[in-house]
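J.: So the chains spell out like this:
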Amino acid sequence: MNEFAQSARSALDLIVHADGVLVRTVSLSLAVSGTACLFAAGLGLFGGAWLAVARFPGLRAVLLLLNTLLALPSVVVGLAVYLLLSRSGPLGSWGILFTPTAMVIAQTILVLPVVAALARQVVADGLRDGGDPLQSLGAGPLLAALLMLLHERWAVVTILLTAFGRAIAEVGAVMIVGGNIEGVTRVMTTAIALETSKGDLPLALALGLVLLAVVALLNVAIFAVQRSRFASVLVEAR
Amino acid sequence: MSEAALSMLLRLSNASVRLGTVTALRRVSFSVRRGEFVAVIGANGSGKTTLLRLLHGLVDCTGSRRVGEPAPVQAMVFQRPFMLNLTVWNNLRLALWLARSRVPRAEAPARALEALKRVGLVESRDRPARVLSGGEQQRFALARAWAVRPDLLLLDEPTANLDPSAKKEVETLLQGFAAEGMTLVMSTHNLGQAKRLATRVVYVDRGEVRLDLPTAQFFGKSADERARLFLKGELSWDLE
Amino acid sequence: MGSGMNLNRRRIAALAFGLMTLVGAAPLLAQDRFITMASTTSTEQSGLFPHLLPAFKRASGIDVRVVAVGTGQALDIGRRGDADVLFVHDQAAEEKFVAEGNGLKRLPVMYNDFVIVGPQGDPAGARGKDVVAALQKIAASTSNFVSRGDRSGTHAAELRYWTAAGVEPPDAKVAARPFDYKACGCGMGPALNIASSSDGYVLTDRGTWLNFKNRGNLAILVEGDTRLFNQYGVIVVNPAKHPQVKSALAQAFADWVVSADGQSTIAAYKIGGEQLFFPNAKP
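Protein chains in written order, with this note's numbering: chain B, 1 to 238; chain L, 1001 to 1240; chain A, 2001 to 2283.
The hints are simulated quantities; they were obtained by calculation from the structure and are not laboratory data.
Do not rely on the hints blindly, as some may be mistaken.
As the list claims (entries may be wrong) - Now the stretches of chain L that chain B is said to cover, found in silico as 3 or more residues with beta-carbon under 8 Å: (1) 1041-1055; (2) 1203-1210.
As the list claims (entries may be wrong) - Label-pair ranges, simulated between beta-carbon atoms: (3) B:Q6 / A:T2142: 28 to 36 Å; (4) B:Q6 / A:D2180: 26 to 34 Å; (5) A:R2160 / B:S88: 39 to 47 Å; (6) A:G2216 / B:A169: 28 to 36 Å; (7) B:A216 / A:G2273: 49 to 57 Å; (8) L:G1020 / B:N67: 56 to 64 Å; (9) L:S1064 / B:A169: 52 to 60 Å; (10) B:S27 / A:E2274: 48 to 56 Å; (11) L:G1192 / B:L59: 45 to 53 Å; (12) A:D2180 / B:L22: 34 to 42 Å.
Ideal placement from N, C-alpha and C gives every residue a C-beta, glycine not left out.
Produce the complete structure using the sequences and hints provided.
T.: The following block contains the structure:
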């Protein structure tokens, strides 16, 4: 318990003094995971919506695969992307191994199934009531699915927050494809892993608390947006 | 083309609909002619909703479903109106955009305003559609349907969940539409409503059309024998 | 309505693309001249690099990006051509690396030493200057010994000492072991953590030990045996196998680190006033 208190105090100190290295590390974490989530959102929301209305033989197999990929270990994704981007691999000529770009790619692959599977569920559930009316109004299946995402946009926000959480908290993928290079590809989670392996547990824990604080701030911001947009229209926020 | 053919909007011949393992409609033969106001009555689970969905083209059938030339513009109002999580105005604009092949972009705002005025919802235009009361939501659904000027309007128990005053407002609107020449097919389990509004009554039971008569014949003193028996004995519903 | 949503999606896509470009391009824009060096976790954790690499940058204008992993993984990265230069400490593996054509030439650079740390009370009686004798005493006791078990240079050295001590290398696959041998498959820090919390013995490099903050009851018990010296080598990865390797820049690093300038910089690195690495490049 003492260690927690000590770490909590260190975390506060770190935040207040906003040391340059810490700021850079946090920014990189946010940028990498944020970008990965945006890409995963674009692909996953569309893909999930499509899967909710698609009809083709083998759909069940695809859904099975999608649900299985929800449990994709981050290290496995890291290894796969590493082998692709390695100079010995097919995409070695891109030269992006050990850069933040590689980290974004790996995290996008990691969270894409999360976004797609959850989006598919949201759309499928919504279309149970709304499918007929939307079809009646003249919307084709895919358009109806996308409208359903618009309809359930706060559920979509939650899905994206979930994906972001998974991305910013993972260490396996970014460690392998990024290399944890000081000043270049070191993010919060790899920094925490490093401090842990050096035996500096209080610092590792403090960094973890800083990371949580940053994500908490993000959630507060989202709540604020939610409140302000609807305050004037007297709708209870979802 | 004969006059009868000209006025025929939709014809079902020996149409059966299977939903999963259940046969919801069984060898139904049924036509809708221009200018009619058809009431489809029957108990819950009798197949009324499936009949409407089949007319609207939302389900497939064996047998045949033939559509008149040119194909009638259709709109449908469901028992519980579905609106997107948007304002009333935006919901309406979206519906008009979806029907943009029939309603030119430039005309859409005017049509939307006109439709809201018709049903008395103009002051609510910027409220989120979901906070409307049940009656207001149903009136909105009617506005949305009317805005595209359909030839045929299908309604699935439109007043089932409404209080008496809201029900009255909806019925008034429907009578107005019928007076303008719109063809309506409405399912209901309210016999009094059928008697008040419809020109023709169709009784559906366990997936089959049992009776199909003009209203007067269905309810009148010289009513069909089967109708009389049916009204007297089989149903345990209120007449109002 | 639908167009409104399309516009939002386009804005988001543009933002994403912008972010990605920023995130990906920033390091590239900042310095075009950089090399990737694969080294080991223990070397990075000794703190040598923040002392050594800026000196190289001043001398050459080249940035060195260090990927610090276990020796086995470092050599693997080199074999794949994903690093331009290797800086590790496992002579046998390094020579094999060059012999297989993966590297140009192996140059000795410096050495540091291993020590055995263990509980202050020394229940196995290992204290002294002889690593082989110490291991024999530990094997004959009921104490526990923590091994990294991760194909690292440290792990390879440890296995060599067990062989020299005549004790069957306590491989994880051996079912019956005479004493309590824990192979964690982890880095030096976690291994020290385990030893610290279980009062066990562990072979560690001096650098990691000097920086280690969670010592508990542990102290250095065995040091000074020449067999404990840990030789570092630098190898430029062979561009013939992987044309993208920045061999010219990597060679500049290798040349510098064995030069008088590089060697004196190495010697100048101290922790708590103690020199950690001893330069021994051949002139």
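J.: Which numbered hints are broken by the structure, listed smallest first?
T.: 1, 2, 5, 7, 8, 10
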